[in-house]
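Q: Whenever a hint applies, use it, and build me the whole structure from the sequences.
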Amino acid sequence: MKLTLHIWRQKSARDKGKFEEHLVDDVSPDMSFLEMLDVLNESLIHQGKEPFAYDHDCREGICGACSLTINGTPHGPEAATTTCQLHMRKFKNGDSIFIEPFRARAFPIIKDLVVDRSAFDRIIQVGGFISVGTNQPQDANALPVSKLKAELAMDAAACIGCGACAAACPNGASMLFVAAKVSQFALLPQGQPERKKRVVAMVEQMEKEGFGGCTNFYECEAVCPKQVSVRFIAMMNRDFLGATLTKE
Amino acid sequence: MNLDSKVPSGNIKEKWDKHRFEMKLINPANKRKYKIIVVGTGLAGASATASFGELGYQVETFTYNDSARRAHSIAAQGGINAAKNYPNDADSIWRLFYDTVKGGDFRSREANVYRLAQVSNNIIDQCVGQGVPFAREYGGLLDNRSFGGAQVSRTFYARGQTGQQLLLGAYSALMRQVGAKTVTLHTRKEMMDIVIINGQCRGIITRDLITGKIESHTADAVCLATGGYGNVFFLSTNAQACNVTATYRAYKKGAVFANPCYTQIHPTCIPVSGDHQSKLTLMSESLRNDGRIWVPKNKDDKRPPNQIPEEERDYYLERKYPSFGNLSPRDISSRAAKEVCDDGRGVSSTGYGVYLDFADAINRLGKNVIEERYGNLFEMYERIIGEDPYKTPMMIYPASHYTMGGLWVDYNLMSTIPGLHVLGEANFSDHGANRLGASALMQGLADGYFVIPYTIGHYLASNKFEKVSADHVEFRKAESDTNDKINKMISINGKKTPTQFHRELGKVMWEFVGMGRNEAGLKKALEKIPPIREEFWQNLTVTGEPGDFNIVLEKALRVADFLEFAEVLVWDALERDESCGAHFREEHQYPDGEAMRDDGKFCHVAAWEYQGVGNKPTRHIEPLEFHDVHLAVRSYK
Ligand SMILES: Cc1cc2nc3c(=O)[nH]c(=O)nc-3n(C[C@H](O)[C@H](O)[C@H](O)COP(=O)(O)OP(=O)(O)OC[C@H]3O[C@@H](n4cnc5c(N)ncnc54)[C@H](O)[C@@H]3O)c2cc1C
Ligand code: FES
Numbered sequence: 001m002k003l004t005l006h007i008w009r010q011k012s013a014r015d016k017g018k019f020e021e022h023l024v025d026d027v028s029p030d031m032s033f034l035e036m037l038d039v040l041n042e043s044l045i046h047q048g049k050e051p052f053a054y055d056h057d058c059r060e061g062i063c064g065a066c067s068l069t070i071n072g073t074p075h076g077p078e079a080a081t082t083t084c085q086l087h088m089r090k091f092k093n094g095d096s097i098f099i100e101p102f103r104a105r106a107f108p109i110i111k112d113l114v115v116d117r118s119a120f121d122r123i124i125q126v127g128g129f130i131s132v133g134t135n136q137p138q139d140a141n142a143l144p145v146s147k148l149k150a151e152l153a154m155d156a157a158a159c160i161g162c163g164a165c166a167a168a169c170p171n172g173a174s175m176l177f178v179a180a181k182v183s184q185f186a187l188l189p190q191g192q193p194e195r196k197k198r199v200v201a202m203v204e205q206m207e208k209e210g211f212g213g214c215t216n217f218y219e220c221e222a223v224c225p226k227q228v229s230v231r232f233i234a235m236m237n238r239d240f241l242g243a244t245l246t247k248e
Numbered sequence: 249m250n251l252d253s254k255v256p257s258g259n260i261k262e263k264w265d266k267h268r269f270e271m272k273l274i275n276p277a278n279k280r281k282y283k284i285i286v287v288g289t290g291l292a293g294a295s296a297t298a299s300f301g302e303l304g305y306q307v308e309t310f311t312y313n314d315s316a317r318r319a320h321s322i323a324a325q326g327g328i329n330a331a332k333n334y335p336n337d338a339d340s341i342w343r344l345f346y347d348t349v350k351g352g353d354f355r356s357r358e359a360n361v362y363r364l365a366q367v368s369n370n371i372i373d374q375c376v377g378q379g380v381p382f383a384r385e386y387g388g389l390l391d392n393r394s395f396g397g398a399q400v401s402r403t404f405y406a407r408g409q410t411g412q413q414l415l416l417g418a419y420s421a422l423m424r425q426v427g428a429k430t431v432t433l434h435t436r437k438e439m440m441d442i443v444i445i446n447g448q449c450r451g452i453i454t455r456d457l458i459t460g461k462i463e464s465h466t467a468d469a470v471c472l473a474t475g476g477y478g479n480v481f482f483l484s485t486n487a488q489a490c491n492v493t494a495t496y497r498a499y500k501k502g503a504v505f506a507n508p509c510y511t512q513i514h515p516t517c518i519p520v521s522g523d524h525q526s527k528l529t530l531m532s533e534s535l536r537n538d539g540r541i542w543v544p545k546n547k548d549d550k551r552p553p554n555q556i557p558e559e560e561r562d563y564y565l566e567r568k569y570p571s572f573g574n575l576s577p578r579d580i581s582s583r584a585a586k587e588v589c590d591d592g593r594g595v596s597s598t599g600y601g602v603y604l605d606f607a608d609a610i611n612r613l614g615k616n617v618i619e620e621r622y623g624n625l626f627e628m629y630e631r632i633i634g635e636d637p638y639k640t641p642m643m644i645y646p647a648s649h650y651t652m653g654g655l656w657v658d659y660n661l662m663s664t665i666p667g668l669h670v671l672g673e674a675n676f677s678d679h680g681a682n683r684l685g686a687s688a689l690m691q692g693l694a695d696g697y698f699v700i701p702y703t704i705g706h707y708l709a710s711n712k713f714e715k716v717s718a719d720h721v722e723f724r725k726a727e728s729d730t731n732d733k734i735n736k737m738i739s740i741n742g743k744k745t746p747t748q749f750h751r752e753l754g755k756v757m758w759e760f761v762g763m764g765r766n767e768a769g770l771k772k773a774l775e776k777i778p779p780i781r782e783e784f785w786q787n788l789t790v791t792g793e794p795g796d797f798n799i800v801l802e803k804a805l806r807v808a809d810f811l812e813f814a815e816v817l818v819w820d821a822l823e824r825d826e827s828c829g830a831h832f833r834e835e836h837q838y839p840d841g842e843a844m845r846d847d848g849k850f851c852h853v854a855a856w857e858y859q860g861v862g863n864k865p866t867r868h869i870e871p872l873e874f875h876d877v878h879l880a881v882r883s884y885k
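Heads up: the protein sequence lines correspond to chains A and B, in order.
Using the working numbering, you'd call the opening residue of the first sequence number 1 and step up by one each time.
Using the working numbering, you'd call the opening residue of the second sequence number 249 and step up by one each time.
Don't take every hint at face value.
Each computed DSBU-like pair below joins lysine-lysine, with the alpha-carbon atoms no more than 30 Å apart [claimed, not checked]: (1) 208/A <-> 197/A; (2) 550/B <-> 92/A; (3) 744/B <-> 755/B; (4) 568/B <-> 615/B; (5) 771/B <-> 744/B; (6) 11/A <-> 743/B; (7) 11/A <-> 755/B; (8) 550/B <-> 49/A; (9) 733/B <-> 11/A.
Here are some of the chain B residues that sit facing chain A, going by a computed Cβ distance under 8 Å [what the hints assert, rightly or not]: (10) 314; (11) 334; (12) 335; (13) 336; (14) 337; (15) 338; (16) 387; (17) 409; (18) 423; (19) 800.
Bear in mind the hints are in silico, worked out from the structure with no lab data behind them.
Idealized CB from N, CA, C, for every residue including glycine.
A: Structure representation (structure tokens):
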């Protein structure tokens, strides 16, 4: 396959970026999207040019590192698929592909396609945990959890923290990310003691980080590679309202 | 060198309790006077760091990833073992201990393994307390499954994402401590070296991956939880960034490296599709319960699988190992696949693949049953290969997966350098010559939550620490060594990329030091590696600036260490003139292909001491004694 790539080039956070055009031929349909970029990068190095920097690690859709916006969609055209799992057979010979970083106010660009998503870590730091120290818990089977709730908690916990939700949202909101964590714990008995405190702290931090507010576009759910449901946002909103009303 | 394991005396069941009682304590108010550095935020590193923070130490932790949550542990799928015996199938701490020693083919340290089995139950309690959504039964209690050939159901799991959920649990505990300011977290910083002052490990040198800045960090003790070295084979199931640098640099500073030749190859991975290949994806071994493995009987039979008649297919595992068939152990299945491919009968575009066929199972059980059992795996396969495994047989091939070898540590998880501790896959301690499924997650969390928080206190309380600052000559020297190395790489201006050298090394390692090893092949590898390394230092190209976000330099630094480390691995494989566990020397096998140990000569740990690049390192041994499990032929018949 032959493709025309338009890839975002930006030297550093301070510089202005722009698209750079590269023609690639010899793209095998069996390549993953990132392997296609690897091949381009190798040829750039051979020409003495700097390759494009992008984040990636596991290459199996679980670490949440890869983060490209492909033709305007975070993680590209295939539903429920991270960039690293996307394969070139989903594209056609002669296609033009635009490749950009995940864009959101709270994700400043570091270089080329690499963004800073440490805002997510800071949201977790203020409450995305259950306060239990090493060796403190009781026997694992002491508190039964209904299978249904455990499964639902797992649906929420499947979030890989990639940030596609914020990148897709017209408001740059990260409600789906925060709601997934809040709901996972709200669904489990272990999460109850800190339930109200947690949701308030995490939502406040989210606003401090510069993420926008949710106005129900649901773009987040559409791009989420793990198909985390917007129902969790409703669940979190209920908890948040309840917590602020009771002022606990 | 005397490798003193420091295993406490007494009955194996009481050693750990006794040791915990005998270890010195630091009074709670004094803990904040000590600083500990932890490198790595995987299961081992995150759990250790969170526990240290809770205890009140000052902690600094480092990862090259952009977030602590992205460590390679996140990718583990299958599950984690514990001796809870919830299913009431006669499991016990003793049985888990026994299975692990036997699984490791009697090449691990009994006392460590017993302790691992002992604390396994606390791990499950801990994770549930953190909100890890393990699978449950309708009654609301935890579900277990049997895994990796165990005869009991002792594996806890969270769908196919157990590693993710356990790591997110440890990560949340770690983040809580970062929020509480007991822990300082450094992301996108890669450790380049350790620093030793007056015989004690007193800190590390890092490179900031965004600015390229080389920095010194001081501490009273250092823990490396930096994972395994499976990427020495270039292609593996490991994440892209996994590398040997941290442990290898410690080795160059005097820590001995134990059993580097114990590397595990996993039989069911998606095969290579071409030179562009960057990683190999693991497909759960459970597929072998219903799939039949075969290749064409005739060489160069290029017909599509569905057109090859039954009588022209070779179901080689069923033929060679009639009693176990498609469920033969990992190492036997892997080697058998290599054999038929080397014989020219492999499938897939490269000739290195075998079929895993579900047609019979679909006929027998119906498509819906197969879909229920393996639906998500079939989907993953189709995404990568673009073929529907319900209609066309899957193709699989073995791949490098896990490394049992690592820095030598004593019972306290301390290396031969005082103050340098090693946790998780990075150490050698518990799995012997072969790791059982669902035991790596267990070991990482055991080390981090339940062993090191106690043993490090003993080390700190038993030693005196001179005040050192980052201006100390040893730090300055280590910084300038690192800078020199980087400048040298940048100045070569050659023609080959770091990835090209890595691929070349991987080819040699896979061919001669992969699934089957023999004396001639290993000697050939020892001839082939040095020229690759020499060319690297003459013909490498690194674009960009050292003081910048530079992905080529990052990779070059990692590959440089693999190029040196690979030789240590080969030396170990050559000198261990026996087969054991995953280390298979073709010269030593039973007629059925099982590994033939030589307990008379090799019932020991081999730990290698650095003697300069390209020189043969010195081999030291720690004899292994088995008092509680009797040495026997590992047989799964
Ligand atoms: C695909 C796959 C599936 C698996 N499934 C299972 C399973 O089902 N059950 C099981 O028990 N085991 C499984 N394993 C094995 C298991 O996942 C690993 O052995 C284990 O998670 C290793 O944990 P760790 O904490 O030791 O290291 P890792 O998770 O590898 O973490 C290493 C950490 O060190 C950091 N690091 C490394 N070097 C440096 C440096 N120089 N500077 C700074 N930071 C550094 C990294 O950033 C990372 O944070 C699987 C492995 C793979 C590859
Ligand atoms: S690289 Fe890990 S999710 Fe894509």
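Q: If a hint holds in the structure, say so; if it doesn't, say that too.
A: Comparing the hints with the structure gives:
1. 208/A <-> 197/A: holds, 17 Å
2. 550/B <-> 92/A: holds, 27 Å
3. 744/B <-> 755/B: holds, 16 Å
4. 568/B <-> 615/B: holds, 29 Å
5. 771/B <-> 744/B: Given that 30 Å is the threshold and the Cα spacing comes to 26 Å, the pair holds.
6. 11/A <-> 743/B: holds, 24 Å
7. 11/A <-> 755/B: Between residue 11/A and residue 755/B the Cα gap is close to 35 Å, so the pair fails against 30 Å, i.e. violated.
8. 550/B <-> 49/A: violated, 42 Å
9. 733/B <-> 11/A: Satisfied, since the Cα-Cα distance of roughly 25 Å is no more than 30 Å.
10. 314: holds, 6 Å
11. 334: holds, 7 Å
12. 335: violated, 12 Å
13. 336: Cβ of residue 336/B sits 12 Å from chain A, so the hint is violated.
14. 337: violated, 16 Å
15. 338: violated, 18 Å
16. 387: Constraint on residue 387/B satisfied, holds at 7 Å.
17. 409: holds, 7 Å
18. 423: Holds. Min distance 4 Å.
19. 800: holds, 6 Å
Violated hints for the displayed structure, listed by number in ascending order: 7, 8, 12, 13, 14, 15.
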